[in-house]
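Put together the whole structure using the sequences plus the hints.
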Amino acid sequence: MFLLMQRSSASSTLLTWSRIKMQLARVIGTVVATVKNDSLDGRKLLIVQTLDRNLEPSGKPMVAVDAIGAGVGELVFWCRGKEASFPFKREDTPTDCTIIGIVDSEQHVTR
Amino acid sequence: MIIARILGTVVSTQKDERLTGKKLLIVRPINVDGSDTTGYVVAVDTVGAGFHERVLVVAGSSARLAQGMKDVPVDAAIVGVIDTVNVVQN
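From first to last, the protein sequence lines are chains A and B.
Using our numbering, read the first sequence as starting at 1 and increasing by one per residue.
Using our numbering, read the second sequence as starting at 1001 and increasing by one per residue.
Wrong hints could be hidden among the right ones.
Partial pick of chain A residues on the chain B-facing surface, computed with a CB cut under 8 Å [claimed, not checked]:
1. 29
2. 39
3. 40
4. 53
5. 73
6. 92
Covered by chain B, per the in silico footprint, the following chain A stretches (three or more residues, Cβ under 8 Å) [to be verified]:
7. 79–86
8. 100–110
Short, incomplete list of chain A residues facing chain B, as computed with Cβ under 7 Å [said to hold, decoys possible]:
9. 32
10. 34
11. 36
12. 37
13. 38
14. 68
15. 72
16. 75
17. 94
Since the hints were made in silico from the structure, they are not lab data.
Since the model is a prediction, treat every value here as computed from it, not as a measurement.
Each residue gets a CB set at the ideal place from its N, CA and C atoms; glycine is no exception.
Given below as structure tokens:
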């Protein structure tokens, strides 16, 4: 029982950390949407592929709002959840995934 | 945000009064290449999307931040109709 509890607590910790998403990603594409919620007017939408610690693709690509002017092919970091709207007008931008920084180069990722 | 395809509609008469007049749609998350995944989500429409269209869905508390969704009890909102998706794979 104790083991079981330990395991479940470990897995819940893992789960919590997997939910906290400020991760590295590669911008792999763009999305064009003419008809959109007025609060997203003028925002650039990019497709990001999340990467693991070895900078290999892991997980499914997502659509992210660009807050800093990233481009296709760049290594970026991004955040998820409600915090994703903080770079913009906080109460008016419906985004759950935002690119918040560009990594200078892959050599700058120390592992 | 995820890309999804609209599969159908939901009709609900008895609902929270703040949801009155909001269109509820069933959407299925899809991959960037357009292929379907499994599962579905009921999302509130904020843009007037139609059947089989590819849309952008915002999930979580951010869904409330869309215009017209203030204080509405939703955690998935359709915020855009997708025209094109360009993916560059190396």
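Tested hints:
| no. | hint | result |
| --- | --- | --- |
| 1 | 29 | 4 Å, holds |
| 2 | 39 | 5 Å, holds |
| 3 | 40 | 6 Å, holds |
| 4 | 53 | 19 Å, violated |
| 5 | 73 | 7 Å, holds |
| 6 | 92 | 6 Å, holds |
| 7 | 79–86 | holds (count 4) |
| 8 | 100–110 | violated (count 0) |
| 9 | 32 | 5 Å, holds |
| 10 | 34 | 5 Å, holds |
| 11 | 36 | 3 Å, holds |
| 12 | 37 | 4 Å, holds |
| 13 | 38 | 5 Å, holds |
| 14 | 68 | 17 Å, violated |
| 15 | 72 | 5 Å, holds |
| 16 | 75 | 12 Å, violated |
| 17 | 94 | 4 Å, holds |
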